[in-house]
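Enquirer: The listed protein sequences derive, respectively, from chains A and B. So that you can map any letter, position 188 of the first sequence is 194 in the numbering used here, and since no number is skipped, the others follow by simple counting. So that you can map any letter, position 41 of the second sequence is 900 in the numbering used here, and since no number is skipped, the others follow by simple counting.
If you're looking for bench data, these hints aren't it; they were derived computationally from the structure. It is possible that some hints are incorrect.
Among the chain B residues that face chain A by a calculated CB cut under 8 Å, a handful are [as the list claims (entries may be wrong)]:
#1 Thr923
#2 Leu927
#3 Phe934
Straight-line alpha carbon distances no greater than 27 Å define the calculated BS3-like cross-link-like pairs of lysine-lysine that follow [as the list claims (entries may be wrong)]:
#4 Lys96(A) / Lys935(B)
#5 Lys96(A) / Lys113(A)
#6 Lys167(A) / Lys935(B)
#7 Lys935(B) / Lys111(A)
#8 Lys113(A) / Lys935(B)
Below, a sample of chain B positions facing chain A; criterion: calculated Cβ distance under 7 Å [unchecked claim]:
#9 Ala912
#10 Ser915
#11 Ala917
#12 Phe928
#13 Tyr931
#14 Gly932
We treat Cβ as the ideally placed atom computed from N, Cα and C, and that holds for glycine.
So the chains spell out like this:
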Amino acid sequence: MTYLAILVALQAAWAWAYRGGSDGFGLPDLPVMNRFVDMLLTPLFVCGALALVADATLYEYAALGLGGLLMLGAQADGWGRQMDLGDNDKPDNETGYRLRDLFFKSKSSFGRDLTGLFMRMAQFIPSAVAMWFFDPLAAIIPGFLAFGTPLVWVFEHFALKRFGSRFVPWNPTQPVAWAEWIIGAINAILTILVVMVIS
Amino acid sequence: MNDNELQRGLGRVEGKIDSIALSLTAVLEQQGALSRRVIHLETSRKTDRAFLAGISAAVSTLVTSVALFFTYGGFK
Numbered sequence: 007m008t009y010l011a012i013l014v015a016l017q018a019a020w021a022w023a024y025r026g027g028s029d030g031f032g033l034p035d036l037p038v039m040n041r042f043v044d045m046l047l048t049p050l051f052v053c054g055a056l057a058l059v060a061d062a063t064l065y066e067y068a069a070l071g072l073g074g075l076l077m078l079g080a081q082a083d084g085w086g087r088q089m090d091l092g093d094n095d096k097p098d099n100e101t102g103y104r105l106r107d108l109f110f111k112s113k114s115s116f117g118r119d120l121t122g123l124f125m126r127m128a129q130f131i132p133s134a135v136a137m138w139f140f141d142p143l144a145a146i147i148p149g150f151l152a153f154g155t156p157l158v159w160v161f162e163h164f165a166l167k168r169f170g171s172r173f174v175p176w177n178p179t180q181p182v183a184w185a186e187w188i189i190g191a192i193n194a195i196l197t198i199l200v201v202m203v204i205s
Numbered sequence: 860m861n862d863n864e865l866q867r868g869l870g871r872v873e874g875k876i877d878s879i880a881l882s883l884t885a886v887l888e889q890q891g892a893l894s895r896r897v898i899h900l901e902t903s904r905k906t907d908r909a910f911l912a913g914i915s916a917a918v919s920t921l922v923t924s925v926a927l928f929f930t931y932g933g934f935k
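If we strip away everything but chain A, and leave its shape as in the complex, we get:
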């Protein structure tokens, strides 16, 4: 069962990038997919893998389900201009922009967009709290999404965008969502880690 759970957890590696990300998936979309299904994939694979190996009570399974539901909901927000971290000329109009108006002079800057990313990803904290009641270790997965992901976009901003090789080999006009692939890979690794500890 552990191997099956690891196999399921590995699917989280592509599921995050499949949602689109800053530059699209890089592979053709399947016709059955819509935004809801795209967003459902990550919590489905993460919670599915954990549920396969968990030896939990009914309440703990309920906490896992609630954590997955909150993880699904937390993805709904954001339309991408913050990931450019000040490089995007469009003025900041994402959730909480009026709060940021109080502190920032410019409508688009590195600090403003980084703050916005942390505010957006903080929506994963309720999911982490719910997962904590399933197993405290499992909270590390939404915890990473809440606190770790903004640094992945910072890494993309300072390292990956300098490479100039942001396009898929078979289509030079289709960029790759490197940051989202990295986030998905870390999601999968963390899920496998938790699966191996709790199984």
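Assemble chain B onto chain A, guided by the hints.
Expert: Using the frame of chain A, we list chain B on its own:
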């Protein structure tokens, strides 16, 4: 040595074996309790380390972010 003396001697030996078996059971029980305690401590050491690692990772992420924030313009 007649049969009576032999039986009494055997009875005493039997009693001693019984008491040894009893004390051995007690020692084994103590050992079981001790090893359960050690397993509990080892598990909690592992989870404590995992929590410490998680908290350290979150704190260093936030510190790095604050450093980056002020390096690249701050409240611009």
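Enquirer: Does each hint fit the structure? Answer for all of them.
Expert: Now for the hints, and whether the structure bears them out:
no.: 1; hint: Thr923; verdict: holds (6 Å)
no.: 2; hint: Leu927; verdict: holds (6 Å)
no.: 3; hint: Phe934; verdict: holds (6 Å)
no.: 4; hint: Lys96(A) / Lys935(B); verdict: holds (16 Å)
no.: 5; hint: Lys96(A) / Lys113(A); verdict: holds (8 Å)
no.: 6; hint: Lys167(A) / Lys935(B); verdict: holds (22 Å)
no.: 7; hint: Lys935(B) / Lys111(A); verdict: holds (6 Å)
no.: 8; hint: Lys113(A) / Lys935(B); verdict: holds (9 Å)
no.: 9; hint: Ala912; verdict: violated (9 Å)
no.: 10; hint: Ser915; verdict: violated (12 Å)
no.: 11; hint: Ala917; verdict: holds (5 Å)
no.: 12; hint: Phe928; verdict: holds (5 Å)
no.: 13; hint: Tyr931; verdict: holds (4 Å)
no.: 14; hint: Gly932; verdict: holds (5 Å)
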